[in-house]
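**Q** Here is how the chains run, residue by residue.
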Amino acid sequence: MSLSATRVLRYTFVLLFVWFGVQQLIDPSAWVVYLPEFLGYFPIPGEMLVQLNGWSEVMLALLLGLGVWQRPVLALLSVHLFGIALTAGGAVGVRDAALAMIGVALLLSPLDQWPVKK
Amino acid sequence: MNTSKYVGLGVVALFIVGAVYIVVQGRPVVSLREEMEEASEQGSDDVGTDAVPQQSEGLQAQTTTVSKEVIPTTQPAPKDTTSITTQPAPTAQPASSTQPTEPVSAGPLTFSLSDVVVHDTAADCWSAINGSVYDLTSFVSRHPGGSSAIKSLCGIDGSSKFNKQHSRSKAAQSSLALLKIGVLK
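Protein chains in written order, with our numbering: chain E, 1 to 118; chain S, 1 to 185.
In isolation and in its complexed conformation, chain E is listed as follows (with noise of 0.2 Å):
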């Protein structure tokens, strides 16, 4: 995969994340539907955790945009969309599993040079 292919998936995956990102720091109440059955039993608020992960997920894609720590961060968020799709199940497991893989293939694949000066 040429580099100009690597760096427009990675923007992509960037974008991608950074958009579900802010959406659940919106309106978390709209997305505690999709939390896991056993967060359940947690003692805190399913709104807060909604909002704690789509920060997370904000800053992940800040840092694979800014091409820092690409490697374990590209690994997190595949996890991430893995363990996503196997809650979710169905037609949007399926569309999860897929954008999980291609983050496994950006993570396999030589990185391009980051933005950031050393």
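There's no promise every hint is true.
Calculated cross-link-like contacts (lysine to any residue; reagent style SDA-like; alpha-carbon spacing at most 25 Å) [to be verified]:
#, chain 1, residue 1, chain 2, residue 2
1, S, K185, E, A75
2, S, K5, E, A75
3, S, K5, E, V104
4, S, K151, E, E37
5, S, K151, S, S112
6, S, K5, E, Y11
7, S, K161, S, S147
8, S, K185, S, P108
9, S, K151, S, V183
10, S, K164, E, P36
11, S, K5, E, V79
12, S, K161, S, A172
Because the hints were derived from the structure by calculation, they are not lab data.
No experiment lies behind these values; they were computed from the predicted model shown.
On the provided structure of chain E, position chain S as indicated by the hints.
**A** Just chain S now, kept in the frame of chain E:
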């Protein structure tokens, strides 16, 4: 340490600050109850942004003053509740807790069936199920079995309908628990 690590640590610090802000913003209602008690002792409502004194026959007036630091719910306060605690929640929807039994507060909100009845539309859908009250508004369009099943529960005691369909489904009960807003008086 090169620039990339500085940038990375800066983002991590930013994440921590944001996470602390989110947690503080949704702090437990215990402190909010203390603020309300303090405000009532002082005889002022300077703590609250929304003060809805509720009076009904035989019941004392209840105030639902909310700290400016806590985002109040948009749902009107129930008319004849005996104990009211506001849950930290965004203004878009009433609070939805992940706990299967009790929210993070000194006590659950209590509602009567007459409070539930007024929320009988798809855009504002409450239902009483097995002694608890749930805000099903956000779930109307997301129910795997279609929205009509949820709409049929709006504004009523839906215990029989729910139990008939989902009494053996842990997934349904766990999903329902996430939408709990109080208990039925």
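**Q** Output the indices of the hints that this structure fails to meet, ascending.
**A** When the structure is compared with the hints, only number 1 turns out to be violated.
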